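*Asks:* Chain by chain, the residues:
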Amino acid sequence: MNLDLGRLLRTYTLLTILYPYGFRQEFSREMQAVFQEKLVAKKAAGKWALWRVFWEELRDWPGAVLTEYCFAFRETFGRGLMSLITEDKSWKIENRRDAILASLPPVLFGIGIALGALVIWEPWYVVPQWRLWTGVAIILVPAAVIALGGTLAIIKRLPAWGYTWAGGAVMGLVALVKLLAEDRADFGLPLLSPLLDVALLVILLLGISALVIVTAWRGWRQAGLTSLGFATIAGMSIFSLATAAPLNRYDLATLAAPVGVVMALLTYFYVRKGDVGRVIAILGFGVMNAVVFLVIFSAWDLPPGRPSPLIPLLVALTGALLVGPLAGLVGRPVRKVIQGS
Amino acid sequence: MDYNDNLPLSEAVFFILLSLLPGAKHGYAVMKDVEALSDSRVSLSTGTLYGALKRLLEAGWVRRVDDEGDETGRERKAYALTQLGKGILEAETARMQILVAITQERSSEGGVI
Chain A
1 MNLDLGRLLR TYTLLTILYP YGFRQEFSRE MQAVFQEKLV AKKAAGKWAL WRVFWEELRD
61 WPGAVLTEYC FAFRETFGRG LMSLITEDKS WKIENRRDAI LASLPPVLFG IGIALGALVI
121 WEPWYVVPQW RLWTGVAIIL VPAAVIALGG TLAIIKRLPA WGYTWAGGAV MGLVALVKLL
181 AEDRADFGLP LLSPLLDVAL LVILLLGISA LVIVTAWRGW RQAGLTSLGF ATIAGMSIFS
241 LATAAPLNRY DLATLAAPVG VVMALLTYFY VRKGDVGRVI AILGFGVMNA VVFLVIFSAW
301 DLPPGRPSPL IPLLVALTGA LLVGPLAGLV GRPVRKVIQG S
Chain B
1 MDYNDNLPLS EAVFFILLSL LPGAKHGYAV MKDVEALSDS RVSLSTGTLY GALKRLLEAG
61 WVRRVDDEGD ETGRERKAYA LTQLGKGILE AETARMQILV AITQERSSEG GVI
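Note that the protein sequences, when read in sequence, are chains A and B.
Oh and the first sequence: position 194 is 194 in my numbering, straight run, nothing missing.
Oh and the second sequence: position 75 is 75 in my numbering, straight run, nothing missing.
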């Protein structure tokens, strides 16, 4: 085969791969055959005639591909919202051990916070140093375990048990960076430097987005589990606020343990039951977080005129809880159009 | 069915239907025919041709027919007009004839084109 002809044919084959799944399944081989016929017909006219045929195809290619994607999306979305949910492949964690493992992060984090609060119990300026640091260590150990588990889950390409761990680890990293940045901001200092802080923010946002996109690509159920991981850490971090000055309510922080157990039960319910059960679990998480926030903030006497951070925090938390399932539902037709599954 | 609901046709679709009027053709033959019919004014890329064919198949204006294959034995798909497609093409031709007639009438009254 003529060198240019072969090269152009291979390049054209690559171009046809980028059409939507349904279209390329039906027509790509035929299109490649027709393009080959066009090339063969012009072969005698020389190399430039071949390149001209290719250029004519290339010129029309973006418009043709875009048109097909528009038609494919219109067709897929045209089936209605319910089809996005019901047409997705069913998914749940069959293995009970994996289901328990997936449900562990809230229990670990909740018990860590509660035990740490029990050990410290008094404001940091009166408590003996050894108790303060033992309490902090007790809180940090489960946080480190979740961070390690999340890293392991990401390295293992997110097995079924790993979504909550990965979501928890990423949200934990965000919470840690926020805490450190706020401490530095009290002294009017950036965390690293103004430029590096922006870079760090971008990296964190990209990390969260990547995790949501990857899990949403697999399905809304898996992405929902990642969201539960986000919501676990983001929601329970609020207990640390109760222990901070001027509240110093370590008794409230001990509630983290029962809240963690309930969140773990909801997570277990989510991974083992059907879609109705999943919706109930997500609603349960939302209600749970709202109640926890109300309890903590009702104990916090804000100075008059100062806006309560309750509403923005609740909105952010609800966003964290819903971003996964919603991205999964939107990703479903995208996946169907591109991948056909 | 009122054929006029589907009119006017785009130039590419009109020429594809017109190309299939004498009988079934495979993709490359349609492409060459359209170019010849339009005096090289309409040159379809494979993406445009097969995008249009997909829509025409879905609308039921054309159908796939078995083709005996080329000299290399490779199976090729051919496309043929359906009755619906023929009806649409006739309606579009009639529509254009009316337009031409109106234009001719007006120009015979002294208008300049």
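The hints are simulated quantities; they were obtained by calculation from the structure and are not laboratory data.
Worth double-checking, as some hints may not be accurate.
From chain B, some residues computed to sit far from chain A (all C-beta separations above 12 Å) [stated by the list, open to error]:
no., residue
1, Asn-4
2, Gly-23
3, Leu-49
4, Ala-91
Example chain B residues on the side facing chain A (calculated, C-beta under 8 Å, incomplete) [to be verified]:
no., residue
5, Tyr-3
6, Asn-6
7, Ala-24
8, Lys-25
9, Val-42
10, Ser-45
11, Tyr-50
12, Lys-54
13, Gly-110
DSS-like mimics (lysine-lysine), calculated; alpha carbons at most 30 Å apart, straight line [unchecked claim]:
no., chain 1, residue 1, chain 2, residue 2
14, A, Lys-92, A, Lys-156
15, B, Lys-86, B, Lys-54
16, A, Lys-273, A, Lys-92
17, B, Lys-86, B, Lys-32
18, B, Lys-77, A, Lys-273
19, B, Lys-32, A, Lys-178
20, B, Lys-77, A, Lys-92
21, A, Lys-273, B, Lys-32
22, B, Lys-77, B, Lys-25
23, A, Lys-156, A, Lys-42
24, A, Lys-42, B, Lys-77
25, A, Lys-156, A, Lys-178
26, B, Lys-54, B, Lys-25
27, B, Lys-32, B, Lys-54
28, B, Lys-54, B, Lys-77
29, A, Lys-178, B, Lys-77
30, B, Lys-32, B, Lys-77
31, B, Lys-25, B, Lys-86
32, A, Lys-43, B, Lys-86
33, B, Lys-86, A, Lys-47
34, B, Lys-25, A, Lys-273
35, A, Lys-47, B, Lys-77
Note that this is a predicted model, so its numbers are computed, not measured.
Cβ atoms here follow ideal geometry from the backbone N, Cα and C, with glycine treated the same way.
*Asks:* Look at each hint and say if it fits the structure.
*Replies:* Hints versus structure:
1. Asn-4: holds (24 Å)
2. Gly-23: Non-interface label stands for Gly-23(B): nearest chain A Cβ at 18 Å, farther than 12 Å.
3. Leu-49: violated (8 Å)
4. Ala-91: holds (24 Å)
5. Tyr-3: Hint on Tyr-3(B): violated, closest Cβ of chain A at ~23 Å, above 8 Å.
6. Asn-6: Because about 17 Å separates Asn-6(B) from the closest Cβ in chain A, which is outside the 8 Å limit, the hint is violated.
7. Ala-24: violated (14 Å)
8. Lys-25: violated (11 Å)
9. Val-42: violated (12 Å)
10. Ser-45: Constraint on Ser-45(B) satisfied, holds at 4 Å.
11. Tyr-50: Interface hint status for Tyr-50(B): holds (4 Å vs cutoff 8 Å).
12. Lys-54: holds (7 Å)
13. Gly-110: violated (43 Å)
14. Lys-92(A) to Lys-156(A): holds (19 Å)
15. Lys-86(B) to Lys-54(B): Measuring from Cα to Cα gives roughly 17 Å; hence the hint holds.
16. Lys-273(A) to Lys-92(A): Holds: Lys-273(A) and Lys-92(A) sit about 7 Å apart, inside 30 Å.
17. Lys-86(B) to Lys-32(B): The given pair, whose Cα atoms are some 21 Å apart, holds under the 30 Å limit.
18. Lys-77(B) to Lys-273(A): Given that 30 Å is the threshold and the Cα spacing comes to 48 Å, the pair is violated.
19. Lys-32(B) to Lys-178(A): Distance of about 65 Å is beyond 30 Å: violated.
20. Lys-77(B) to Lys-92(A): This hinted pair is violated, its Cα atoms lying about 43 Å apart.
21. Lys-273(A) to Lys-32(B): This hinted pair is violated, its Cα atoms lying about 58 Å apart.
22. Lys-77(B) to Lys-25(B): Status holds; Cα separation ~8 Å.
23. Lys-156(A) to Lys-42(A): violated (51 Å)
24. Lys-42(A) to Lys-77(B): holds (22 Å)
25. Lys-156(A) to Lys-178(A): Roughly 28 Å between the alpha carbons, so the hint for Lys-156(A) and Lys-178(A) holds.
26. Lys-54(B) to Lys-25(B): Holds, because 15 Å separates the two Cα atoms, which is no more than 30 Å.
27. Lys-32(B) to Lys-54(B): holds (19 Å)
28. Lys-54(B) to Lys-77(B): Measuring from Cα to Cα gives roughly 13 Å; hence the hint holds.
29. Lys-178(A) to Lys-77(B): violated (62 Å)
30. Lys-32(B) to Lys-77(B): Holds: Lys-32(B) and Lys-77(B) sit about 16 Å apart, inside 30 Å.
31. Lys-25(B) to Lys-86(B): Status holds; Cα separation ~15 Å.
32. Lys-43(A) to Lys-86(B): violated (36 Å)
33. Lys-86(B) to Lys-47(A): violated (41 Å)
34. Lys-25(B) to Lys-273(A): violated (54 Å)
35. Lys-47(A) to Lys-77(B): holds (29 Å)
The structure shown violates the earlier hints numbered 3, 5, 6, 7, 8, 9, 13, 18, 19, 20, 21, 23, 29, 32, 33 and 34.
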